[in-house]
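Visitor: Taken in sequence, the protein lines are chains A and B.
Going by my numbering, the first residue of the first sequence is number 1, and it counts up by one from there.
Going by my numbering, the first residue of the second sequence is number 1, and it counts up by one from there.
For the record, the hints were derived by calculation from the structure and aren't laboratory data.
Idealized CB from N, CA, C, for every residue including glycine.
There could be a bad hint or two in this list.
Ranges of calculated distance between the beta carbons of each label pair, as one might list FRET restraints [claimed, not checked]:
#1 A:A34 - B:G166: 34 to 42 Å
#2 B:S202 - A:L156: 25 to 33 Å
#3 A:K229 - B:S171: 26 to 34 Å
#4 A:G127 - B:R84: 24 to 32 Å
#5 B:K233 - A:A165: 43 to 51 Å
#6 B:L21 - A:Y129: 23 to 31 Å
#7 A:A34 - B:D76: 32 to 40 Å
#8 B:A175 - A:K229: 22 to 30 Å
#9 B:K219 - A:A165: 26 to 34 Å
#10 B:G70 - A:L15: 49 to 57 Å
#11 A:G169 - B:R124: 31 to 39 Å
#12 A:G127 - B:V9: 37 to 45 Å
#13 A:Q233 - B:P174: 32 to 40 Å
#14 A:E54 - B:P60: 49 to 57 Å
Listing some non-contacts, in silico: residues in chain A with all C-beta distances to chain B over 10 Å [said to hold, decoys possible]:
#15 D31
#16 E43
#17 N183
#18 D232
Which stretches of chain B does chain A cover? Using the computed rule of at least three CB atoms under 8 Å from a CB of chain A, they are [said to hold, decoys possible]:
#19 19-26
#20 130-140
#21 152-161
#22 254-268
#23 273-279
#24 285-293
Spelled out, the chains give:
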Amino acid sequence: MLRDRAAMAGLVVFLALVSMAIFAEWVAPYDPAAVHMRDRLQEPSAAHWLGTDELGRDVLSRIIFGARASLAVGSIAVGIAATAGIMLGLSASYYGGPVDSLIMRILDGLLAFPSVILALAIMTALGPYLFNAMLAIGIVSIPAFARITRGSVLSLKETEFVEAARASGATDSYLMLRVLLPNCLSPLLVQVSVSFAAAILVEAALTFLGLGVQPPTPSWGGMLDTGRKYLDQTAWYSVSAGAAIFLTVLSLNLLGDGLRDALDPRLQGRS
Amino acid sequence: MTNHIARRVLLVVPVMLLVSLIVFFVFRVIPGDAVVVAMGEGANKESIEVMRRQLGLDRPLYVQYLVWLGNALRGDLGFSLINRQPVSSLILEKLPATLLLTGLSVLLALAIAVPVGILSAISRGTWVDQLMRALTLAGFCMPRYWLAVVLILVLAVHAGLFPAAGYVAFSENPAESLHYAVLPVLSIGLSLAAVQMRFLRSSMLDVLAQDYIRTAHAKGLKPWVVVMGHALKNTLIPFTTVVALELGNLMGGQVVVEQIFSWPGIGWLMIQAINQRDYAVVQGAVLVTAAGFVFINLLADVAYAWLDPRIRYV
Numbered sequence: 001m002l003r004d005r006a007a008m009a010g011l012v013v014f015l016a017l018v019s020m021a022i023f024a025e026w027v028a029p030y031d032p033a034a035v036h037m038r039d040r041l042q043e044p045s046a047a048h049w050l051g052t053d054e055l056g057r058d059v060l061s062r063i064i065f066g067a068r069a070s071l072a073v074g075s076i077a078v079g080i081a082a083t084a085g086i087m088l089g090l091s092a093s094y095y096g097g098p099v100d101s102l103i104m105r106i107l108d109g110l111l112a113f114p115s116v117i118l119a120l121a122i123m124t125a126l127g128p129y130l131f132n133a134m135l136a137i138g139i140v141s142i143p144a145f146a147r148i149t150r151g152s153v154l155s156l157k158e159t160e161f162v163e164a165a166r167a168s169g170a171t172d173s174y175l176m177l178r179v180l181l182p183n184c185l186s187p188l189l190v191q192v193s194v195s196f197a198a199a200i201l202v203e204a205a206l207t208f209l210g211l212g213v214q215p216p217t218p219s220w221g222g223m224l225d226t227g228r229k230y231l232d233q234t235a236w237y238s239v240s241a242g243a244a245i246f247l248t249v250l251s252l253n254l255l256g257d258g259l260r261d262a263l264d265p266r267l268q269g270r271s
Numbered sequence: 001m002t003n004h005i006a007r008r009v010l011l012v013v014p015v016m017l018l019v020s021l022i023v024f025f026v027f028r029v030i031p032g033d034a035v036v037v038a039m040g041e042g043a044n045k046e047s048i049e050v051m052r053r054q055l056g057l058d059r060p061l062y063v064q065y066l067v068w069l070g071n072a073l074r075g076d077l078g079f080s081l082i083n084r085q086p087v088s089s090l091i092l093e094k095l096p097a098t099l100l101l102t103g104l105s106v107l108l109a110l111a112i113a114v115p116v117g118i119l120s121a122i123s124r125g126t127w128v129d130q131l132m133r134a135l136t137l138a139g140f141c142m143p144r145y146w147l148a149v150v151l152i153l154v155l156a157v158h159a160g161l162f163p164a165a166g167y168v169a170f171s172e173n174p175a176e177s178l179h180y181a182v183l184p185v186l187s188i189g190l191s192l193a194a195v196q197m198r199f200l201r202s203s204m205l206d207v208l209a210q211d212y213i214r215t216a217h218a219k220g221l222k223p224w225v226v227v228m229g230h231a232l233k234n235t236l237i238p239f240t241t242v243v244a245l246e247l248g249n250l251m252g253g254q255v256v257v258e259q260i261f262s263w264p265g266i267g268w269l270m271i272q273a274i275n276q277r278d279y280a281v282v283q284g285a286v287l288v289t290a291a292g293f294v295f296i297n298l299l300a301d302v303a304y305a306w307l308d309p310r311i312r313y314v
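Bound conformation, chain B alone (with noise of 0.2 Å):
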């Protein structure tokens, strides 16, 4: 198994490479200067050139790339010229807020999926399944932005139950800060939770339909200790990967959410800064976002490769 694992990681490093490549070419791509963007359009000539020596940016594209990529494997990540200050210590303060949300919304998400999903599975058929299909159906389909919308409207504006935007941190005060995150975590953490119904259904169907399930029924084991004991651990294996995998859409679907709360995140943090035209930051959180993804992904297949142990022992 460690041979298994230690096989995973090393593919990472081509995957980061690519995505590395990706991002830097894909900033050098943008029209315009982003020294002349960050000095303004009437800057003397010759200051402009001093900077962009400076900033090293009149060497040839690939040394630009290699000089990047050693930087960033340091954690340096570049300077903001718009918020004067490196893009790492900005990422770093956005990332607690991002990292709330994902985990609260994860959280919820898994814990109505689970339930309902085997319930979903084993009532196959009946009026709760096919109930339970429409709203999965229709929670996979509501765009995550709209539901964030509805449920300002519903909870925020009519009801005045909860605040409709804004965030406090949790180590300042983990209440009102769990009070801020509501509306915000039920926008991805249902749309995440219809998303992994449907799969953990289809899973599980799969297993039950499987003949060490008719032998544990045979030996007359009772129904649920052969859901719970024999078919959920089965289906949770692969469930993992798509967890994993999900997160990227998370990712990106916090994007559109944390603007609408004003939520400051590492996503919030991006729009700004495109809107800023602040490139630097912007690379930062791109790189970082997708490296976390590779990094997720990675820890689903070592788990997976763990947690199976038909891979285990090999």
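Isolated chain A, as found in the complex (with noise of 0.2 Å):
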């Protein structure tokens, strides 16, 4: 993969955003949340390079301090997805039969939501929280993970290292986390990039429409939303959260496509 230029750009942009995230208190030009009413919704300068916003706080400030919520948001809501959903998978394929059935049938059930939709229904029950922002996109990318861990593991189930090794003794939970699990690791690894970038947009859709992270912290879905209402006095608020978004997912895409390529069986050997 280090050799598929598009994938590393991918990475090192993302590795980029992580940083600038972890760092934004020395990355930062401004307080975030300092509040300057003279110098609201100014264009782009060399004061402030993405302009002001209606508080008069810098713009591009927020947008490196809102790559912490989103970037929060997107790697909780992934990790209970993926815990969640690779024990489901496990379970499912492992024990079969009934137990399969019924975590399958509710797989379905999820999956016959649309994402946004089920993530606001989650939302409106429990609350416009952050924690619960992380929880229902959680929820909503759990059947991914699943059906990918159940399905690897279910054509591993009945090869011979797996066979050997319960005629040595491992108990199931052996088996499943020790020997099945760590095989299935390539497709989960893409399903991580690809939730992750899912989770970032439900995210900022949510935001967005209010349930989200709330004000005043800084978030890239909130900045959109409120800046849509200065679009004739400064369109660099709006646009430049949307490119932060974009860039974001874009970068996730790149690098899911990248190890997807690089981890495919059948283009291995070539490299």
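Using the hints, build the complex out of the two chains.
Guide: Here it is in structure tokens:
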């Protein structure tokens, strides 16, 4: 994958974004919460590279800090989805029979909802708090992880090395976690980047609708929404927030595509 | 084939049952009493109890679910305490707007995706293909709401060509209606086209690598005949499934676009209801949307079975 320029570009950009989020206090030129009512809604200038918002706060700084909200939600949501999804997938495929049917039917039920709508429903029920957004997006992403795990395990279940492990007295949990799971990691890794990108999009949508990150915490979705009202005065506010989302999603997708190409067994042996 | 279709239709029943269970229980988790919210905090304790009994909220949960399900099947989705209107009639009012937006967006997306996808596949490796793929990736990663904002900025605020928000019913004034629809449809349609194009291209490439295509070329058929007559049909069949699946994402993205353009569809209704804590409406809207999605997937599966001769004659 190191030779795949697009994927490497994606990786570099994503890592840069993560570093930016972690070291926001040092990277951002201004305090994102500092209000300067005299300087509100300014166009980009030498002092404020992306201009200012309706309260005179520096847009660039708010975008840098906004990365925290999006990346935090994305990583925790994916963490929840991966953990729960992998557990469900492992259980379903390992135990088979009625356990498998039950789990797959519940997943089918979840998949029957458009993801944003399901996340909306859960957020409505639980309240517009950040953790609930992470939970909602996590729940919405579970089926993908479960299905991939289940598919991989089903094809591995009857192979010889699994039989050998079972014959030497391995317990169920050992077999599931130490033998079967490590062999499913490639497609799961790809799914992590895909789900992460999707999670960021859904989080921005939820925040846009007022249900995700609450003000005054800076978040890209929130800035996109607020900036909309001031489009005739300064477009940079809204557009740059959207560009940040776009860039993050793009880098994750490039990374995911690269991982998929690199880990595809059909393509192995070529590089 | 009828067996296959019949089985597929029957599968909808357990899925819808699950959907209804999920919808019902998600909304029962809401902390706080819906009745107290509707009647106000200072309401008399006794009148709250009366209201609860009237709405059946004092009965055990599973009984409430069965009653709700029974009503839903008969088209009664409850009553909106805020709007003082049955939920079903509220939803029916907003449905035409959503259908107009969805329909036009899908048509636009197909109109772009099919020719460009084919072009991209047959000119594989050339700069045309690279450009198409780059545009598709960009379209795929671009949030619809950002595209909407950019379109508003360029075409409404700066050029003044189209209105930045608003809706006119098609039945009232088709021309005006379409004028208001341009920006929302572009927001959704363009990004949908990107997704479809990606799939169409890879699907067509798979088909073009097949032996029967090579045979067709060997038989001396002109290239465009091979593509249009043989490859296209085989590409379009799995494509219908993808289009149907994407409609699910469409419905989600549509909620935000409806909000941006103040387009009074079901998504817009859902957001209003959430802000007004009108849970009956949210519940009804979610149920209807999920049901619609399930139904569209069913149609796609049936169409797939019908179109693919290998399944048709089994």
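Visitor: Count the residues of the segment 254-268 of chain B whose Cβ falls closer than 8 Å to any Cβ of chain A, and tell me whether that reaches three.
Guide: holds (count 4)
Visitor: Does the claim that D31 of chain A lies outside the interface with chain B hold up, using a Cβ gap greater than 10 Å?
Guide: The assertion about D31 of chain A holds, with a minimum of 26 Å to chain B.
Visitor: Does E43 of chain A clear chain B by more than 10 Å, comparing its Cβ with all Cβ atoms of that chain?
Guide: With a cut-off of 10 Å, E43 of chain A remains clear of chain B, as the shortest Cβ separation is near 14 Å.
Visitor: Should the hint that K229 of chain A and S171 of chain B are 26 to 34 Å apart at their CB atoms be regarded as holding?
Guide: holds (31 Å)
Visitor: Just tell me: holds or violated, for the beta carbon distance of K233 of chain B and A165 of chain A against 43 to 51 Å?
Guide: At 48 Å between Cβs, range holds.
Visitor: Per the hint of 23 to 31 Å, is the separation of the Cβ atoms of L21 of chain B and Y129 of chain A within bounds?
Guide: holds (25 Å)
Visitor: Can the segment 19-26 of chain B be counted as covered by chain A under the rule of three residues or more with Cβ-Cβ separation shorter than 8 Å?
Guide: Result for this restraint: holds, n = 5.
Visitor: Is it true that the C-beta distance of A34 of chain A to D76 of chain B lies inside 32 to 40 Å, as the hint says?
Guide: Once the Cβ atoms are compared, 54 Å apart, the range 32 to 40 Å for D76 of chain B and A34 of chain A is violated.
Visitor: Could one say that the CB atoms of S202 of chain B and L156 of chain A fall in the range 25 to 33 Å?
Guide: holds (26 Å)
Visitor: Return holds or violated for the Cβ distance of A34 of chain A and G166 of chain B against the range 34 to 42 Å.
Guide: holds (37 Å)
Visitor: Kindly confirm whether 49 to 57 Å is satisfied by the beta carbon distance between G70 of chain B and L15 of chain A.
Guide: Between G70 of chain B and L15 of chain A, where Cβ atoms are some 55 Å apart, the hint holds.
Visitor: Between the beta carbons of G169 of chain A and R124 of chain B, is the distance compatible with 31 to 39 Å?
Guide: Once the Cβ atoms are compared, 53 Å apart, the range 31 to 39 Å for R124 of chain B and G169 of chain A is violated.
The structure does not agree with the numbered hints 7, 9, 11, 18 stated previously, though it agrees with the rest.
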